[in-house]
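**Student:** Here is what each chain is made of, one letter per residue.
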Amino acid sequence: MTSPILNIKNLSYAYEDREVLEDIHFTIQPGRFVGLVGPNGSGKTTLIKLILGLIKHKRGDIELFGTPIEKFKDWDRIGFVSQKANSFNTGFPATVFEVVSMGLTSKVGYLHFFRKKHKEKIKEAIDLVGMSEYMHKNVGDLSGGQQQRVFIARALVSEPDFLILDEPTVGVDAENVERFYNMLADLNRNKGITLLFVTHDIGTMTSYATDIACLNKHIHFHGDPSSFEQMNEKDLSNIYGHPVQVVTHDH
Amino acid sequence: MLESFIQLPFLRNAFLTGILVGFIAPLLGTFIVVRRLSLIADALSHVTLSGIAFGLMLDKKLGGVAITPFYTGIGFSVLGSIFIEQLRRVYKSYQELAIPIILSAGVGLSVIFISIANGFNQNLFNYLFGSVVAVSSTDLWTILFIAIAVTILIVIFYKELFMLSFDEEHAVVSGIHARRIHFLFIVLTALVIAASIRIVGVLLVSALMTLPVAASIRIAKGFKQTIMYSILFGEASVLIGQIAGYYFEIPPGGTIVLTAVLILIGTIGFKRLKKRSSYKKVMS
Numbered sequence: 001m002t003s004p005i006l007n008i009k010n011l012s013y014a015y016e017d018r019e020v021l022e023d024i025h026f027t028i029q030p031g032r033f034v035g036l037v038g039p040n041g042s043g044k045t046t047l048i049k050l051i052l053g054l055i056k057h058k059r060g061d062i063e064l065f066g067t068p069i070e071k072f073k074d075w076d077r078i079g080f081v082s083q084k085a086n087s088f089n090t091g092f093p094a095t096v097f098e099v100v101s102m103g104l105t106s107k108v109g110y111l112h113f114f115r116k117k118h119k120e121k122i123k124e125a126i127d128l129v130g131m132s133e134y135m136h137k138n139v140g141d142l143s144g145g146q147q148q149r150v151f152i153a154r155a156l157v158s159e160p161d162f163l164i165l166d167e168p169t170v171g172v173d174a175e176n177v178e179r180f181y182n183m184l185a186d187l188n189r190n191k192g193i194t195l196l197f198v199t200h201d202i203g204t205m206t207s208y209a210t211d212i213a214c215l216n217k218h219i220h221f222h223g224d225p226s227s228f229e230q231m232n233e234k235d236l237s238n239i240y241g242h243p244v245q246v247v248t249h250d251h
Numbered sequence: 001m002l003e004s005f006i007q008l009p010f011l012r013n014a015f016l017t018g019i020l021v022g023f024i025a026p027l028l029g030t031f032i033v034v035r036r037l038s039l040i041a042d043a044l045s046h047v048t049l050s051g052i053a054f055g056l057m058l059d060k061k062l063g064g065v066a067i068t069p070f071y072t073g074i075g076f077s078v079l080g081s082i083f084i085e086q087l088r089r090v091y092k093s094y095q096e097l098a099i100p101i102i103l104s105a106g107v108g109l110s111v112i113f114i115s116i117a118n119g120f121n122q123n124l125f126n127y128l129f130g131s132v133v134a135v136s137s138t139d140l141w142t143i144l145f146i147a148i149a150v151t152i153l154i155v156i157f158y159k160e161l162f163m164l165s166f167d168e169e170h171a172v173v174s175g176i177h178a179r180r181i182h183f184l185f186i187v188l189t190a191l192v193i194a195a196s197i198r199i200v201g202v203l204l205v206s207a208l209m210t211l212p213v214a215a216s217i218r219i220a221k222g223f224k225q226t227i228m229y230s231i232l233f234g235e236a237s238v239l240i241g242q243i244a245g246y247y248f249e250i251p252p253g254g255t256i257v258l259t260a261v262l263i264l265i266g267t268i269g270f271k272r273l274k275k276r277s278s279y280k281k282v283m284s
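Quick note, the sequences are listed as chains A and S, same order. If you read the first sequence in UniProt numbering, its first letter stands for residue 1, the second for the next number, and so on. If you read the second sequence in UniProt numbering, its first letter stands for residue 1, the second for the next number, and so on.
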């Protein structure tokens, strides 16, 4: 049996004396499209930072591709798109090509230079997100949605098996959000990339994801979207701490 | 007039040093500007000054020591860069605090060393504002060595430096050794500053690292092009500034920086004109 992409056991985390994550058990199998939802301050971003090794966990276990995170080295198997795309230094003079090339930096490795095959891959990734005509434009001159696609291309160029997205649609207009979700669903189905998508937009998530996980300090629910929708609003409101109405988008 | 730059050895040294400095200062300056660390150059140049003052004091007190102020300056600059890194780690949420701490420590030490060395003299004046005559052949060789080392290291670690400048978090997630690369970067900065001080002086060295980049950023597409224009503007400033400085008998630091300012104003004006003409095209 292939090991799960991500396997978290008994994970707890606290900032000084404030506990943000408590006894998390969370597994992602290959090929899934997992939507991780939860209210603001529910620990979503903290969980992502722990998974990416940006902060170190003290209690519990995190395994990536079957390897404990402390020993994990294959970081280029994991792509990451943060909500940063709308807060990065827009005055930074870098073309779309240059930004996407950064996705290959660690794969190419120290003391090695980009070769022709790498440049081809960069162009392919830019093509995949439909940004070819902007290849040599400065990213700062693009719209929020276009920038976000560039950052997806940067995450995809190293051909990761696991793509983590932390609220990547913040600052992207509604029409492009739809295209964005479609693009991700397509990557998941046709390229077999496992996705972990963090969002507070429950409604849209349920129509694209294969799994929904609901986080508020604990993982309150992990299952398929239809049973998530059947959860009554009272349960959900308990998790969120305030009344919630799920607006689903049918396709 | 120009032939004196080629024929007179002391002028030729300064001229060649100027070409080297006009290349490495904007090259490294591009990374400094995009990382919003322009003030680090200022802090390090003042630490370098304290090193120079220390060297002058040694010279005065001990007489004829093997180490000239130029080399004590390089030493202090590199040490200062390591301290800045440590301080930035201590004050994680106030990283810019490292800059005024190091800057004022540098000035404080300078004042003490200068007064022990019996105050202000022409030599010190040359270090503050630059000089077209103060470059010895040994200095030139040292600066040539620094320039080659800096250029090679930047070419080798270009992609990592670029990534770290653009998005540190992403660099760390991808497994780049951010701390080591950053350390390399700050030490290179210290070396470039110490080398550039011979030509533009302590007070204006950060200008040579930032003004050409500020002009370049206005018109360049992409990072590589930004570096290329920065170097082009840096070289133009140094060459025009040095010749003007010699001709008008002004320390070259002043004329070099003013040339850089004029280039900067020129690029801003150029961008405006371009915008206006494309606007007219749309309107007509």
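No wet-lab data here; the hints were simulated from the structure. In this text the structure is predicted, and so the values were computed from the model without any measurement. Among the hints, erroneous ones may be present.
No more than 20 Å apart at the CA atoms, straight line, and that leaves these computed lysine to any residue pairs for SDA-like [as the list claims (entries may be wrong)]:
{"id": "1", "chain 1": "A", "residue 1": "K71", "chain 2": "S", "residue 2": "V172"}
{"id": "2", "chain 1": "A", "residue 1": "K191", "chain 2": "A", "residue 2": "F162"}
{"id": "3", "chain 1": "S", "residue 1": "K275", "chain 2": "A", "residue 2": "K58"}
{"id": "4", "chain 1": "A", "residue 1": "K119", "chain 2": "A", "residue 2": "M135"}
{"id": "5", "chain 1": "A", "residue 1": "K49", "chain 2": "S", "residue 2": "K275"}
{"id": "6", "chain 1": "A", "residue 1": "K49", "chain 2": "S", "residue 2": "K224"}
{"id": "7", "chain 1": "A", "residue 1": "K49", "chain 2": "S", "residue 2": "K221"}
{"id": "8", "chain 1": "S", "residue 1": "K224", "chain 2": "S", "residue 2": "I240"}
{"id": "9", "chain 1": "A", "residue 1": "K123", "chain 2": "S", "residue 2": "K61"}
{"id": "10", "chain 1": "S", "residue 1": "K221", "chain 2": "A", "residue 2": "F92"}
{"id": "11", "chain 1": "S", "residue 1": "K224", "chain 2": "A", "residue 2": "K191"}
{"id": "12", "chain 1": "A", "residue 1": "K107", "chain 2": "S", "residue 2": "H177"}
{"id": "13", "chain 1": "A", "residue 1": "K49", "chain 2": "A", "residue 2": "T27"}
{"id": "14", "chain 1": "A", "residue 1": "K58", "chain 2": "A", "residue 2": "K119"}
**Student:** Would you mind marking each hint as holding or not holding in the structure?
**Tutor:** Outcome of the hint check:
1. Restraint check: the Cα-Cα separation between K71(A) and V172(S) comes to about 16 Å, which is no more than 20 Å; the hinted pair holds.
2. Simply put, K191(A) and F162(A) have alpha-carbon atoms about 11 Å apart, close enough for the 20 Å limit, and the pair holds.
3. A C-alpha spacing of about 55 Å is found between K275(S) and K58(A), which places the hinted pair above 20 Å, so the restraint is violated.
4. Of the pairs offered as hints, the one joining K119(A) and M135(A) holds, with about 12 Å between alpha carbons and a cut-off of 20 Å not exceeded.
5. Only pairs whose Cα atoms come within 20 Å are accepted, and K49(A) paired with K275(S) is rejected, the gap being roughly 43 Å.
6. Restraint check: the Cα-Cα separation between K49(A) and K224(S) comes to about 31 Å, which exceeds 20 Å; the hinted pair is violated.
7. Of the supplied pair hints, the one linking K49(A) and K221(S) is violated, its CA atoms being roughly 33 Å apart against a limit of 20 Å.
8. For the suggested pair K224(S) and I240(S), the alpha carbons sit about 24 Å apart, so the restraint of at most 20 Å is broken.
9. Between the alpha carbons of K123(A) and K61(S) the distance comes to roughly 64 Å, so the proposed pair goes past 20 Å and is violated.
10. Among the hinted pairs, K221(S) with F92(A) is consistent with the structure: their alpha-carbon atoms are about 10 Å apart, no more than 20 Å.
11. A threshold of 20 Å between alpha carbons decides the hint, and for K224(S) with K191(A) the separation of about 33 Å lies outside it, so the pair is violated.
12. Taking the CA atoms of K107(A) and H177(S), the gap is near 13 Å; set against the 20 Å cutoff, the hint holds.
13. Note on K49(A) and T27(A): the hinted pairing holds, with a Cα-Cα distance of about 16 Å set against a maximum of 20 Å.
14. A distance of roughly 40 Å separates the Cα atoms of K58(A) and K119(A); the hinted pair therefore is violated under the 20 Å criterion.
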